[in-house]
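Please build the complete structure, drawing on both the sequences and the hints.
As they're listed, the protein sequences go chains A and B. Positions in the first sequence are counted from 1; adding 42 to them yields our numbering. Positions in the second sequence are counted from 1; adding 3 to them yields our numbering.
Simulated from the structure, these hints should not be mistaken for lab results. A couple of the hints might just be wrong.
Derived pair list, reagent style PhoX-like, types lysine-lysine, alpha-carbon separation capped at 20 Å [stated by the list, open to error]:
| id | chain 1 | residue 1 | chain 2 | residue 2 |
| --- | --- | --- | --- | --- |
| 1 | A | Lys251 | A | Lys272 |
| 2 | A | Lys278 | A | Lys370 |
| 3 | B | Lys315 | B | Lys52 |
| 4 | A | Lys318 | B | Lys344 |
| 5 | A | Lys370 | B | Lys344 |
| 6 | B | Lys344 | A | Lys374 |
| 7 | B | Lys344 | B | Lys322 |
| 8 | B | Lys267 | A | Lys86 |
| 9 | A | Lys374 | A | Lys306 |
| 10 | A | Lys251 | A | Lys306 |
| 11 | A | Lys318 | A | Lys374 |
| 12 | B | Lys235 | B | Lys147 |
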Amino acid sequence: MTTKMTDTKIATKNITLIQAINDGMKIVLERDETTLILGEDVGKNGGVFRATDGLQEVFGEDRVIDTPLSESGIIGTSIGLAVNGFKPIAEIQFMGFIYPAYDQIMTHASRIRMRTMGRYSVPMVIRAPYGAGVRAPEIHSDSAEALFTHMPGIKVVCPATPYDAKGLLIAAVEDPDPVLFMEPMHNYRSFREEVPIDYYTVEIGKGKKRMEGEDVTLITWGAMVPVVEKAANQMKQHGISCEVIDLRTLYPVDERIIAESVQKTGRAVVIHEAAKTGGLGNDIVSIINDTSFLYLKAPVERVTGFDVPVPFSSLENHYLPTVERIVKGIEKVTNF
Amino acid sequence: MVESYPIKQVIDDQGNVVDASNKDLINEELVLRAYFHMYRIRTFDKKAKSLQRQGRIGTYPPFEGQEAAQVGSALALGEDDWLFPTYRDHGAMLTFGADMTRTFLYWNGRLEGCVPPEGKHIFPAAVPIATQILHATGASWAEKRKGTKNIAIAYFGDGATSEGDFHEGLNFASVFQTPTIFFNQNNGYAISVPFERQMNSKTIAQKGVAYEMPSVRVDGNDFFAVFFEMQKAVERARSGGGPTLIEAVTWRTGAHTTADDPTKYRAEGLGQDVVDPIIRLERFMKNAGFWNEDVVTKAHLEIEEEIEAAVKAMESYPKANVEDLFNHVFAELPDQLQEQKDAYLHLLGGK
Ligand SMILES: Cc1ncc(C[n+]2csc(CCOP(=O)(O)OP(=O)(O)O)c2C)c(N)n1
Numbered sequence: 043m044t045t046k047m048t049d050t051k052i053a054t055k056n057i058t059l060i061q062a063i064n065d066g067m068k069i070v071l072e073r074d075e076t077t078l079i080l081g082e083d084v085g086k087n088g089g090v091f092r093a094t095d096g097l098q099e100v101f102g103e104d105r106v107i108d109t110p111l112s113e114s115g116i117i118g119t120s121i122g123l124a125v126n127g128f129k130p131i132a133e134i135q136f137m138g139f140i141y142p143a144y145d146q147i148m149t150h151a152s153r154i155r156m157r158t159m160g161r162y163s164v165p166m167v168i169r170a171p172y173g174a175g176v177r178a179p180e181i182h183s184d185s186a187e188a189l190f191t192h193m194p195g196i197k198v199v200c201p202a203t204p205y206d207a208k209g210l211l212i213a214a215v216e217d218p219d220p221v222l223f224m225e226p227m228h229n230y231r232s233f234r235e236e237v238p239i240d241y242y243t244v245e246i247g248k249g250k251k252r253m254e255g256e257d258v259t260l261i262t263w264g265a266m267v268p269v270v271e272k273a274a275n276q277m278k279q280h281g282i283s284c285e286v287i288d289l290r291t292l293y294p295v296d297e298r299i300i301a302e303s304v305q306k307t308g309r310a311v312v313i314h315e316a317a318k319t320g321g322l323g324n325d326i327v328s329i330i331n332d333t334s335f336l337y338l339k340a341p342v343e344r345v346t347g348f349d350v351p352v353p354f355s356s357l358e359n360h361y362l363p364t365v366e367r368i369v370k371g372i373e374k375v376t377n378f
Numbered sequence: 004m005v006e007s008y009p010i011k012q013v014i015d016d017q018g019n020v021v022d023a024s025n026k027d028l029i030n031e032e033l034v035l036r037a038y039f040h041m042y043r044i045r046t047f048d049k050k051a052k053s054l055q056r057q058g059r060i061g062t063y064p065p066f067e068g069q070e071a072a073q074v075g076s077a078l079a080l081g082e083d084d085w086l087f088p089t090y091r092d093h094g095a096m097l098t099f100g101a102d103m104t105r106t107f108l109y110w111n112g113r114l115e116g117c118v119p120p121e122g123k124h125i126f127p128a129a130v131p132i133a134t135q136i137l138h139a140t141g142a143s144w145a146e147k148r149k150g151t152k153n154i155a156i157a158y159f160g161d162g163a164t165s166e167g168d169f170h171e172g173l174n175f176a177s178v179f180q181t182p183t184i185f186f187n188q189n190n191g192y193a194i195s196v197p198f199e200r201q202m203n204s205k206t207i208a209q210k211g212v213a214y215e216m217p218s219v220r221v222d223g224n225d226f227f228a229v230f231f232e233m234q235k236a237v238e239r240a241r242s243g244g245g246p247t248l249i250e251a252v253t254w255r256t257g258a259h260t261t262a263d264d265p266t267k268y269r270a271e272g273l274g275q276d277v278v279d280p281i282i283r284l285e286r287f288m289k290n291a292g293f294w295n296e297d298v299v300t301k302a303h304l305e306i307e308e309e310i311e312a313a314v315k316a317m318e319s320y321p322k323a324n325v326e327d328l329f330n331h332v333f334a335e336l337p338d339q340l341q342e343q344k345d346a347y348l349h350l351l352g353g354k
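Now the structure itself:
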């Protein structure tokens, strides 16, 4: 890790997404003593992915807490801590194990503010690594964002890069409401980028244009971003220019960035790894329908996982949208 | 504390019989079966670790050190009983009759690894912790309703007792007096979290008290202790006496999985005083006159051949079939899923 000063004199370091998350947590633990980390193996072990590595040594067992093995316990007690003055950052070891806590999130975390007309609130962050493609054992690879974007009362964030991961994590901790922070396991260590050493935030609810283009808008997030960029580069060689939008926040979605882009290109493909039916892609199609219908030159295409449980590792590369499938989707809208 | 739960033992670390009342129950056939299966699953486990290191299978959770618990419990079951394992219990599964090639396939990311041999009641390993505890309760409840004598066993770790499903499973079993055995392997750790951090109870066995359930704490590295206590629990369940909770106190010798680094959280040398369950059995066999060099050598050879053959079969197994992404999601694929399947196969075919 080298520290370097960029043109604007902001000190940065070249780190991976997982290091950026660790860095973000370190900063909030330093700045705000009401923040706590809770989860399975987050303390002494530093997390099964090393997301919390070294934090217990710095902040002690009392703030970086190894809990019993119980997701409902972690989330339910975090709710109690949050309504009573603390800011828990709860880790769910893999998103595929969040389901025992679903009840607590659905019936409490997401609606306590509403039920008490604002008297109580749940300023907590739930971190969950998600996604396939890393040859993990079964159930470890789910991508369940739509279960939570559908849930009223909780924000859902999903960074794709180290810079966004740190800035969004700090923003999530500072947010007055519960935030589900999905971490693309596939991007944990796959690349590095320059990230400011100090405190900064990335606004929740704002997408980001990753590539500028004229012919088609590609909308995606998280682990799919690098795959979509690859497909976009491939299309460039065939004379088709793609605009790539990384949503970064899945609820509330940045409708404006979608509408502006689609109104420019007139064509869109939405790409996500979760199953097609009930997937967030359908909401994005609806946003395009509501905002940009008369600009469309072709029906919006979706390239997604299939309507099947995320398969065993031997078949996961068939499940995940590939460059080839994305290119097919792009060709479909450009050749319409 | 309401009751205390001393650890039941039949043989000690040196392989001496501590409880003479069990002496008559130990015969050559039982000893040799125990040795054969423990050595067999140990060799399997070693092989799997080595295959993982060579990249020939995926992440693998070793069970080294837990062979007496897994074999002692599985050998006490009857042909038609049900077994609900976790990801660490393929030793018990193999002993109960799971197919070895398929067990390797499972750890190679293959769905085929979840399919038990025809007629064997072995559930796919539970990956979400503690979920299987309820399934075992339900399956044994079904046997009771059908009027059979069959029972179910649920395997689970110390960490699993923190999940709601553990308590719900025990409560249902207690309320409906199902023929279920809740077989806990207390191996000291749930990944990095030690027993003392997982719970403030001194034992897992005592948790049975809350559910008015007979419970027992056994030395999980003592094959005979596990086997005899299991036999009692099986007998109770078959004869309508309801569920039992067994805590087998053992030790996870290695890492949680091949992706885990225990030096992060376990002091070096911790657990070194635990006598390996196979060494313990060997000592007993030598002390008690059951050790026969020829028989043992023959068993080793047989086991090694079986394992080599299973590895070969795993590696020459037909490639994963893409259609299996879709094929078994429903009895009959709904139209839109059929369309997804057709479109994808068409795309692949068009290459
Ligand atoms: C519901 C759920 N949460 C978390 C995990 C991740 N995880 C896998 S194994 C494990 C520890 C289990 O410990 P224990 O029950 O003692 O069994 P052992 O692994 O020691 O056999 C954890 C936390 C999981 N598989 N399922």
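The hints, checked one at a time:
As the CA atoms of Lys251(A) and Lys272(A) are separated by approximately 15 Å, the hinted pair is consistent with the 20 Å bound. Among the hinted pairs, Lys278(A) with Lys370(A) is consistent with the structure: their alpha-carbon atoms are about 14 Å apart, no more than 20 Å. A hinted pair counts as satisfied when its Cα atoms are at most 20 Å apart, and Lys315(B) with Lys52(B) qualifies at roughly 16 Å. Between Lys318(A) and Lys344(B) the alpha-carbon distance is near 13 Å, which keeps this suggested pair within the 20 Å criterion.
For the hint linking Lys370(A) to Lys344(B), the alpha-carbon distance of about 16 Å falls within 20 Å, and the restraint holds. At roughly 18 Å between alpha-carbon atoms, Lys344(B) and Lys374(A) fall within 20 Å of each other, so this suggested pair holds. Between Lys344(B) and Lys322(B), the direct Cα distance comes to roughly 18 Å. Compliance with the 20 Å bound is thereby established for this hinted pair. For a cut-off of 20 Å, the pair hint linking Lys267(B) to Lys86(A) stands: about 7 Å separates their Cα positions.
In summary, the hint linking Lys374(A) to Lys306(A) is supported, as the alpha carbons are separated by about 18 Å, within the 20 Å threshold. Between Lys251(A) and Lys306(A), the direct Cα distance comes to roughly 13 Å. Compliance with the 20 Å bound is thereby established for this hinted pair. Taken as a hint, the Lys318(A) and Lys374(A) pair is honoured in the structure, with Cα atoms around 17 Å apart against an allowance of 20 Å. Of the pairs offered as hints, the one joining Lys235(B) and Lys147(B) holds, with about 18 Å between alpha carbons and a cut-off of 20 Å not exceeded.
Of the numbered hints given earlier, the model fails none.
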